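S.K.: Below are the chains, spelled out letter by letter.
Protein chains: 2
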Amino acid sequence: MAVTIKDVARLSGVSISTVSRVINDSKPVSKEVKRKVLEVIEEIGYKPNEIARTLVTKKSYLIGVIVTDLADSYVADMVRGIEEIGKMYNYDILLCSTYGDKEAELKYIQLLNRKQVEGMILISSTIDEEVDKEIDQYDIPFVYLSRYSKSTKYPTVSIDYHFASYEMTKYLISLGHRKIGFVGYLEDEDSTQYEKLNGYIRAMEETGLDPSFIYKTKGLNIHEGYDALDNSVLDHALTALFCSNDKIALGALNYCYDNKINTPEDISVVGFGDIPIASLIRPKLTTIKEPFYDMGAVAIRRIIKDLSKEVSEEKHIKLPYQIQKRDSSKKIELEKYKDKE
Amino acid sequence: MAVTIKDVARLSGVSISTVSRVINDSKPVSKEVKRKVLEVIEEIGYKPNEIARTLVTKKSYLIGVIVTDLADSYVADMVRGIEEIGKMYNYDILLCSTYGDKEAELKYIQLLNRKQVEGMILISSTIDEEVDKEIDQYDIPFVYLSRYSKSTKYPTVSIDYHFASYEMTKYLISLGHRKIGFVGYLEDEDSTQYEKLNGYIRAMEETGLDPSFIYKTKGLNIHEGYDALDNSVLDHALTALFCSNDKIALGALNYCYDNKINTPEDISVVGFGDIPIASLIRPKLTTIKEPFYDMGAVAIRRIIKDLSKEVSEEKHIKLPYQIQKRDSSKKIELEKYKDKE
DNA sequence: TTGAAAGCGCTACCAA
DNA sequence: TTGGTAGCGCTTTCAA
Numbered sequence: 037m038a039v040t041i042k043d044v045a046r047l048s049g050v051s052i053s054t055v056s057r058v059i060n061d062s063k064p065v066s067k068e069v070k071r072k073v074l075e076v077i078e079e080i081g082y083k084p085n086e087i088a089r090t091l092v093t094k095k096s097y098l099i100g101v102i103v104t105d106l107a108d109s110y111v112a113d114m115v116r117g118i119e120e121i122g123k124m125y126n127y128d129i130l131l132c133s134t135y136g137d138k139e140a141e142l143k144y145i146q147l148l149n150r151k152q153v154e155g156m157i158l159i160s161s162t163i164d165e166e167v168d169k170e171i172d173q174y175d176i177p178f179v180y181l182s183r184y185s186k187s188t189k190y191p192t193v194s195i196d197y198h199f200a201s202y203e204m205t206k207y208l209i210s211l212g213h214r215k216i217g218f219v220g221y222l223e224d225e226d227s228t229q230y231e232k233l234n235g236y237i238r239a240m241e242e243t244g245l246d247p248s249f250i251y252k253t254k255g256l257n258i259h260e261g262y263d264a265l266d267n268s269v270l271d272h273a274l275t276a277l278f279c280s281n282d283k284i285a286l287g288a289l290n291y292c293y294d295n296k297i298n299t300p301e302d303i304s305v306v307g308f309g310d311i312p313i314a315s316l317i318r319p320k321l322t323t324i325k326e327p328f329y330d331m332g333a334v335a336i337r338r339i340i341k342d343l344s345k346e347v348s349e350e351k352h353i354k355l356p357y358q359i360q361k362r363d364s365s366k367k368i369e370l371e372k373y374k375d376k377e
Numbered sequence: 037m038a039v040t041i042k043d044v045a046r047l048s049g050v051s052i053s054t055v056s057r058v059i060n061d062s063k064p065v066s067k068e069v070k071r072k073v074l075e076v077i078e079e080i081g082y083k084p085n086e087i088a089r090t091l092v093t094k095k096s097y098l099i100g101v102i103v104t105d106l107a108d109s110y111v112a113d114m115v116r117g118i119e120e121i122g123k124m125y126n127y128d129i130l131l132c133s134t135y136g137d138k139e140a141e142l143k144y145i146q147l148l149n150r151k152q153v154e155g156m157i158l159i160s161s162t163i164d165e166e167v168d169k170e171i172d173q174y175d176i177p178f179v180y181l182s183r184y185s186k187s188t189k190y191p192t193v194s195i196d197y198h199f200a201s202y203e204m205t206k207y208l209i210s211l212g213h214r215k216i217g218f219v220g221y222l223e224d225e226d227s228t229q230y231e232k233l234n235g236y237i238r239a240m241e242e243t244g245l246d247p248s249f250i251y252k253t254k255g256l257n258i259h260e261g262y263d264a265l266d267n268s269v270l271d272h273a274l275t276a277l278f279c280s281n282d283k284i285a286l287g288a289l290n291y292c293y294d295n296k297i298n299t300p301e302d303i304s305v306v307g308f309g310d311i312p313i314a315s316l317i318r319p320k321l322t323t324i325k326e327p328f329y330d331m332g333a334v335a336i337r338r339i340i341k342d343l344s345k346e347v348s349e350e351k352h353i354k355l356p357y358q359i360q361k362r363d364s365s366k367k368i369e370l371e372k373y374k375d376k377e
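Chains as they are written, first to last, in the working numbering: chain F, 37 to 377; chain R, 37 to 377.
It should be emphasised that the hints constitute simulated quantities derived from the structure, not laboratory data. Bear in mind the structure is a predicted one, so any value in this text is a computation, not a measurement. Check each hint, because a few of them may be wrong.
One copy or two, it doesn't matter: identical chains are merged, so the pair holds either way.
Below are the DSSO-like pairs computed for lysine-lysine, each with C-alpha atoms no more than 30 Å apart in a straight line [as the list claims (entries may be wrong)]:
no.	residue 1	residue 2
1	Lys206	Lys254
2	Lys63	Lys143
3	Lys138	Lys366
4	Lys143	Lys83
5	Lys169	Lys70
6	Lys42	Lys189
7	Lys138	Lys83
8	Lys354	Lys67
9	Lys361	Lys169
10	Lys169	Lys83
11	Lys72	Lys252
12	Lys94	Lys143
13	Lys83	Lys189
14	Lys143	Lys72
15	Lys320	Lys296
16	Lys63	Lys169
17	Lys42	Lys95
18	Lys296	Lys252
19	Lys351	Lys83
20	Lys361	Lys345
21	Lys42	Lys169
22	Lys367	Lys345
23	Lys189	Lys169
24	Lys367	Lys296
25	Lys366	Lys320
26	Lys215	Lys252
27	Lys123	Lys143
All chains should be built: construct the whole structure from the sequences, respecting the hints.
M.R.: Dropping the structure here:
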């Protein structure tokens with residue numbers, strides 16, 4: 037059995053109240069008593085039991101974090117942000133992975149609540165009503181870090197996907213590209229994928245270009261980006277491909293490599309996200325840098341603010357992003373462009 | 037205030053003992069009473085407070101996991117293994133990142149203990165005595181998932197780095213390579229990097245080859261792999277480079293790319309680890325697949341076994357690995373080989 | 001099969 | 001400045 041506050045009290049000849057006071061520095065304690073108590077604590081290696089503490093104070097210093105899959109580097113990045121900032125406020129992270137299973141999500145929300153977490157952050161693949169309903173039952177701060185933007189009454193942290201996408205498309209156009217394809221996973225209309233698509237469409241239409249070169253993937257992974265492409269890329273003489281995320285872009289890049297389409301000479305390929313690998317592959321991928329770490333950091337800051345009863349700022353926080361111009365996109369050469377026209 | 041067991045007891049007209057019995061299914065309770073209690077629980081949405089439970093049962097169902105950095109994909113993989121298996125036994129993960137700071141490591145070991153974790157897994161960049169001493173103070177199961185192999189009295193889970201490295205070198209030799217360089221981070225003699233180096237040396241010497249083409253990096257990251265190389269690669273007419281980890285191999289690959297040395301035509305480059313990116317880049321990297329997920333899984337299994345007082349198997353568990361032969365390594369062409377001789 | 005009560009380790013109140 | 005004590009929400013004896 038570990039040593040408890042009682043042992044300390046007994047050994048230093050004071051009451052447990054006094055011991056409690058010195059370890060919490062909560063009320064004045066005379067110098068000598070304090071010294072003695074500290075001495076005993078040091079000697080017998082007493083460490084307060086946080087569980088007992090939590091039971092009475094109601095402060096667990098625990099934040100529940102439910103993620104889809106840590107293997108996604110952007111998820112890991114978000115968790116890093118959450119954890120690092122949380123630590124600054126003495127909060128610890130209780131981690132659960134759902135692997136996209138909605139039932140698991142529901143289950144973990146309950147579980148974490150039973151474990152008395154003070155707040156929860158959900159990095160989810162979906163936002164759905166059942167989850168909302170479940171969260172409703174608990175009275176703790178909650179933030180969505182979702183790739184879906186369907187309106188929810190709970191706070192979210194994200195970037196302006198539509199505008200980012202619009203800007204990226206404009207950038208490609210400014211490079212001289214006219215026939216620009218969009219590659220994305222267009223399954224769920226509430227997904228950010230659709231926001232990205234719409235940004236693309238708006239930019240194309242504004243410039244009087246044809247926004248109909250759309251390649252639908254069957255998922256968000258590399259091989260699905262690869263599989264979504266076919267000969268029509270060449271047939272349509274596309275000179276640029278805007279992929280809705282970096283993994284899909286990687287797939288596109290590999291498709292080009294395998295089909296002897298040179299990047300960026302023959303075709304520019306750009307992504308979205310800026311996961312670590314984007315700047316490691318050759319050619320380095322032009323993409324939109326999403327501030328994943330910051331999203332995590334902001335999410336937990338928001339929770340900590342809520343916890344301290346500070347008035348919360350806006351509900352849906354949008355963070356800045358950046359277009360990372362790298363080697364996979366290139367100004368179109370005029371002659372070549374004319375050839376293809 | 038959340039509803040407690042008292043509310044349930046009052047509303048269903050029984051004692052809290054009885055309620056406790058039905059929620060835990062610990063002692064016989066008459067059918068009607070049980071039904072009634074369950075009904076009330078459902079109605080008012082009672083959820084047991086795990087903190088209170090832990091205080092009396094001493095079971096927190098919490099495993100502390102201290103990692104270096106989640107951004108390293110292998111770390112994330114290990115954590116996945118830990119979490120998934122842990123969940124099967126109802127264990128949750130309390131996550132802390134040290135970013136290589138030993139002080140933080142020590143601090144978190146204490147913190148997690150105060151939070152009453154039942155076991156701890158340390159994914160560390162080092163194994164050192166201070167940490168060992170700190171762990172000594174607590175009486176909970178502990179497993180090292182370290183990249184260092186210095187002997188420690190605590191259980192470890194790893195692979196046989198020496199032999200894996202030996203085998204990989206032999207594989208390169210079997211491909212016809214004779215001038216094989218080793219690229220690694222040889223700072224700390226207790227590091228697994230040295231085990232890998234020794235595996236390389238043994239294989240080379242056994243075959244009567246010169247094992248002195250050693251490139252020392254200044255760290256384990258891509259750019260450090262890149263920076264470790266120089267013209268001597270060409271001068272020595274090396275035909276293969278064995279890199280002590282995948283990131284370093286990536287750096288080597290990039291170095292070759294930038295210096296117009298074709299991989300694998302001019303030089304074979306192989307790595308160690310098989311992080312996700314290894315099979316995504318082109319050419320796909322030949323490497324040794326370390327079972328990161330399994331290492332995590334085995335580590336937590338070991339802890340759970342310890343917890344259930346089962347007799348523990350061997351202390352230092354070695355897991356199988358695989359050589360992944362991919363596109364960055366290639367049989368040497370005889371004519372070319374002769375040219376270079 | 002049930003209830004009363006002790007107690008887990010701690011904080012916080014009240015009284016001295 | 002100190003000590004006594006109630007009580008956090010629960011499990012687990014012990015007795016009925």
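S.K.: Checking each numbered hint in turn, tell me which of them this model violates, lowest number first.
M.R.: 3, 6, 8, 9, 11, 16, 20 and 22
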